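**Student:** Join the two chains into one complex using the hints; note that each chain is given alone, in its own frame.
Residue numbers (my numbering), protein chains in the order written: chain E, 412 to 712; chain R, 590 to 880.
Since the hints were derived computationally from the structure, they do not count as laboratory data. Remember, it's a predicted structure, so these values are computed and weren't measured experimentally. Even glycine gets a Cβ: it sits at the ideal position worked out from N, Cα and C. Any given hint might turn out to be false.
As the list claims (entries may be wrong) - Quick list of in silico lysine-lysine cross-link-like pairs, BS3-like style, CA-CA up to 30 Å:
no., chain 1, residue 1, chain 2, residue 2
1, R, K717, R, K814
2, R, K686, E, K700
3, E, K503, E, K700
4, E, K503, R, K814
5, E, K700, E, K622
6, R, K814, E, K700
Said to hold, decoys possible - Just a few of them, taken from the derived set where beta-carbon distance is under 10 Å, the chain R residues facing chain E:
no., residue
7, T600
8, Y616
9, L619
10, F668
11, G683
12, I711
13, G738
14, P740
15, A765
16, A821
To be verified - Which stretches of chain E does chain R cover? Using the computed rule of at least three CB atoms under 8 Å from a CB of chain R, they are:
no., region
17, 457–464
18, 479–488
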Amino acid sequence: MSIDTEVKVPLASPAAAGGTPSRPRRRSRGRIVVSAVAYLITFVILFPLLWIVLLSFQTNDNILNDPFSLSSLTLANYQQALETLNLLVMYKNTLILAVVSVTVGLVISYMAAFALTRMVFRSGRRRTQNTLRFYFLAGLAIPVYILLFPVYRLDIAFGLFGTYFALILPYIAVTIPFNILLLTGFLRDFPEEIEQAAVMDGVGLWRMAWKVVFPLMRPVIATLAILNVIYVWNEFPFAVTLINDPNMTTVSLGVSQFQGVYSVNYGAMMASATLVLLPQLAIYAAFQKQVIAGMTAGAVR
Amino acid sequence: MNWLTTRRHFTLMVAPALIIYSLYMIYPILYSLYYSFTNFDGVSAGGFAGLDNYRQMGQDDAFWTSMRNTGIILGIALFLLIPLGFLLAILLSGRVKGSGAMRALVFAPAIIAPILVGLIWIFILDPKIGLVNAFLLAIGVPAHPQWIGGPTLSPYSIGFVYLWQQIGFVLTIFYAGLRMLPRDVMEASSLDGASRWQQLRHIQIPMMRETFGIVTALVVTGVFKVFELVYALTGGGPVHLSEVMVSYMYHITFTTQQYGYGMALAVVVFVVGALASAATFLGNRRKGEVR
Numbered sequence: 412m413s414i415d416t417e418v419k420v421p422l423a424s425p426a427a428a429g430g431t432p433s434r435p436r437r438r439s440r441g442r443i444v445v446s447a448v449a450y451l452i453t454f455v456i457l458f459p460l461l462w463i464v465l466l467s468f469q470t471n472d473n474i475l476n477d478p479f480s481l482s483s484l485t486l487a488n489y490q491q492a493l494e495t496l497n498l499l500v501m502y503k504n505t506l507i508l509a510v511v512s513v514t515v516g517l518v519i520s521y522m523a524a525f526a527l528t529r530m531v532f533r534s535g536r537r538r539t540q541n542t543l544r545f546y547f548l549a550g551l552a553i554p555v556y557i558l559l560f561p562v563y564r565l566d567i568a569f570g571l572f573g574t575y576f577a578l579i580l581p582y583i584a585v586t587i588p589f590n591i592l593l594l595t596g597f598l599r600d601f602p603e604e605i606e607q608a609a610v611m612d613g614v615g616l617w618r619m620a621w622k623v624v625f626p627l628m629r630p631v632i633a634t635l636a637i638l639n640v641i642y643v644w645n646e647f648p649f650a651v652t653l654i655n656d657p658n659m660t661t662v663s664l665g666v667s668q669f670q671g672v673y674s675v676n677y678g679a680m681m682a683s684a685t686l687v688l689l690p691q692l693a694i695y696a697a698f699q700k701q702v703i704a705g706m707t708a709g710a711v712r
Numbered sequence: 590m591n592w593l594t595t596r597r598h599f600t601l602m603v604a605p606a607l608i609i610y611s612l613y614m615i616y617p618i619l620y621s622l623y624y625s626f627t628n629f630d631g632v633s634a635g636g637f638a639g640l641d642n643y644r645q646m647g648q649d650d651a652f653w654t655s656m657r658n659t660g661i662i663l664g665i666a667l668f669l670l671i672p673l674g675f676l677l678a679i680l681l682s683g684r685v686k687g688s689g690a691m692r693a694l695v696f697a698p699a700i701i702a703p704i705l706v707g708l709i710w711i712f713i714l715d716p717k718i719g720l721v722n723a724f725l726l727a728i729g730v731p732a733h734p735q736w737i738g739g740p741t742l743s744p745y746s747i748g749f750v751y752l753w754q755q756i757g758f759v760l761t762i763f764y765a766g767l768r769m770l771p772r773d774v775m776e777a778s779s780l781d782g783a784s785r786w787q788q789l790r791h792i793q794i795p796m797m798r799e800t801f802g803i804v805t806a807l808v809v810t811g812v813f814k815v816f817e818l819v820y821a822l823t824g825g826g827p828v829h830l831s832e833v834m835v836s837y838m839y840h841i842t843f844t845t846q847q848y849g850y851g852m853a854l855a856v857v858v859f860v861v862g863a864l865a866s867a868a869t870f871l872g873n874r875r876k877g878e879v880r
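In isolation and in its complexed conformation, chain R is listed as follows (with noise of 0.2 Å):
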């Protein structure tokens, strides 16, 4: 409409967001990719490093190990809270008495801050406070495993308490996806003598790849994301072993005051979380491809 057109009206319009967006979401992407490249201490700018950061992360054992344990957070998120969510949507799908209720009870560590929940997982998997290892002590088991705080377990705990956080919230979409599906093939299958099974295997998975789609690039951009469940179970440690990659960027840019090193750290998480989800939306869209 031709009365809204000037550009003045457009710009101010647009400005507030447009300035404190480029300000605080732009320009700190671009701050940090240069000083990626020098040996900013803080103070100076530190003289111009070129590559040696980046070369410093192939000689960075903790730097590979938060990598390992991010991977290892993702399997768990891929193989695990995937197929549970999804069997679960499917059990709080059917005509269970109160199963909106309970799809709305399990939704609830979704909207817990995440501090909050690393705090409450404290008190489970402690090896010394812990419920688990008191109910392994009662039932008379003599082996009370380190869940968090040991050199091993560390990041598969952390694994199994985001699977935790998220599974309400996986469910709900598959659930939604669900839904959507048309009733009447169901039906229709179900008067052809088809087994719950063979619906399954044969019409709801199939029918639902759109929505595998959806949850597997939230799952995988989600894990990438994890920080305060580590900071507040292990702190990354010990000896940062139970690090992911962003809270060892975390470390090295606060704790350690590693300014340039920290910057280069930050743009490897952008970069490989970035190539992650990639390859998931690409997964997806072969898929649809082949079908």
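Extracted from the complex, chain E is given alone in its bound form (with noise of 0.2 Å):
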């Protein structure tokens, strides 16, 4: 009841709000209070990525002089910065890292995760399954800064370093612990008569894993795969410790040097920047939901 008058009540008639006490009339001024407030500081929270932006169609002369003022639009900026950087070979290397980690690492977690779940030894002991899962768990709790050099030191040893394995293996190593945590979440849940049915049908191990239970794990999979592709764009740490070669630069190792690349010309800088940042943006209005989804999911699981 009380829903229904609150909801009713700013779209009454002149009459009725006078019928009824001050109150309502202060709680519609109230929420218009709130509504502005609300407005005010997801402007405020957005503003600096707008700045970016607006600045980046500022001539230099008046980003330093006159910021303000939002004159002088040009597009050159943007000319120099496709001119400067190699744009297209940070997006096809980060492109790659991204492909095949991703894939690899949820392939091997989702095999992994399948014979901790679901795979039963016939003396029905799960001692071996139960010591590898927390043994895989423990990885939640390393922090990646601790890998960085050993991993540096293994790159050298076998001779990954300057290849995209580089990379790659330790970002599927750094995925594993969180997939593993998910999916045997979901696998334990999963019925065990679907199984059954599919081994009277003779149906054997590797068809029983990737054609029957896989397809049934497909959002938990989706989820996994957003919240992976977006590490790996956004990982410098090992990227900054692995790569020397101008030709493996990723997305988020060719930001930190844009500062080095225009060491006066901000307003390159900025389109530089609005140049990566912008199909970021793009893609998470896409599957903004799944992105929230995924990672409140994991925060609360």
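**Tutor:** Pasting the structure below:
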């Protein structure tokens, strides 16, 4: 009942509003204030992003001397950014790293999670599975920064330095614990009847894992894929440690070099930042619901 | 099921993940631990140094500064980020028009690469070209503080940028928690004439204890991962005054190539971070018992 009156009050005629004491009017005024505050805060939070985009169309002189006038519109910054930077190389490298490490990482995480939850030894004991699950989940507590130098040494020892695999292997390793956490959680609740029916039909292990169970796990896999791609896309510590070849530069590593590339041309620097920022925001806008759901699922689980 | 039971099949399924994970996650931890007790210089194993590296930390001012700065960022996260995130969640969970879109917009900074976040904020905080000081100049304030790059303000600025980056994420978790509260309690209380403030104080906040625990745990672990912001905004300077624990460890290891000392710092970062998280979890559990 209270909900109904609250919703109707602002729509009610002045006569009706006069009938009830000042309370509803105060409420609606309160709501205007609350809305205004909410809009203002949202604007303030988004402002830094808008500011970069706005200034990326200004001449360098204008940025330095009169940043608030926003007068001299120009595309020169973008021209210079595209000429100076190897944006395409950066995007290509990051895309290769993301596709390979996320695909391989999810495949092997799924295989391990399947074995840890759905496979039972003849003895019926689950000790091996439980120990291994704990061993994998312990990785959630490991900060990547500890890994940087040892992984650098490993990549040199294996002759991987300077190849994509120098980054792909650690990216896979770092995402395994969380992938296994979520996958084993969902696989444990998976109804056994479907498996049993498939066994009756003579389905083998491999087909069982990939043709019967995997399709039913698609929503979780999609969530993990999005989270893993975001991780690889934004990853910086490994990239800065393990890449020294300009042709191997990733997007985040490229961003860190903008300051050096244009020591004084701030307009071009902002244009470059915009060129990296906008695709990322566009992809976020497209997958916004899944990204938020995935991030919070990760947080709450 | 019996048909799945051979050890060979089980091993084949687990092996790929197990090998990569052991080699790139577990082995490095043991490696760091071992070399933190040596004078490893990157070429030869170096002599066994016992606890020398750890003793060195006691005399290393830059290390203590980095610890203090991590503490400052942690303080900003606990006392500003979490309350503000909660308030914003309350604000955007009401019947404000477009609150769904606003929640999505405010979340955006959390998915932008942290290194790009750092670069963007240079244009706002830089003493010469930054927006804040340009604004102060425009409205006639004579002081132009060195938000970044100066001797004192940098860690606070970094903490503030971290707040900006994370607030949408924190808001979203609080919002999810708010939505899980039973509706009838709120309705009953407003029928009983409880004010919005009373509802917040006596119903919503107490019932959200678990959500507060989750957010605190995430924020505490997140603070120990701040690295790119420092790297982009100040590079740790001037003279290591804005360094955080992780960035200082990175500097010692990769710039000055004192690998043994760097590994000791890595171990300490791990231990301090783990202790802070453990404290958060224990704190949550104790609060839960009082109830």
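**Student:** Honestly, which of those hints from before does the structure not fit?
**Tutor:** Of the numbered hints, 10, 13, 14 and 18 do not hold.
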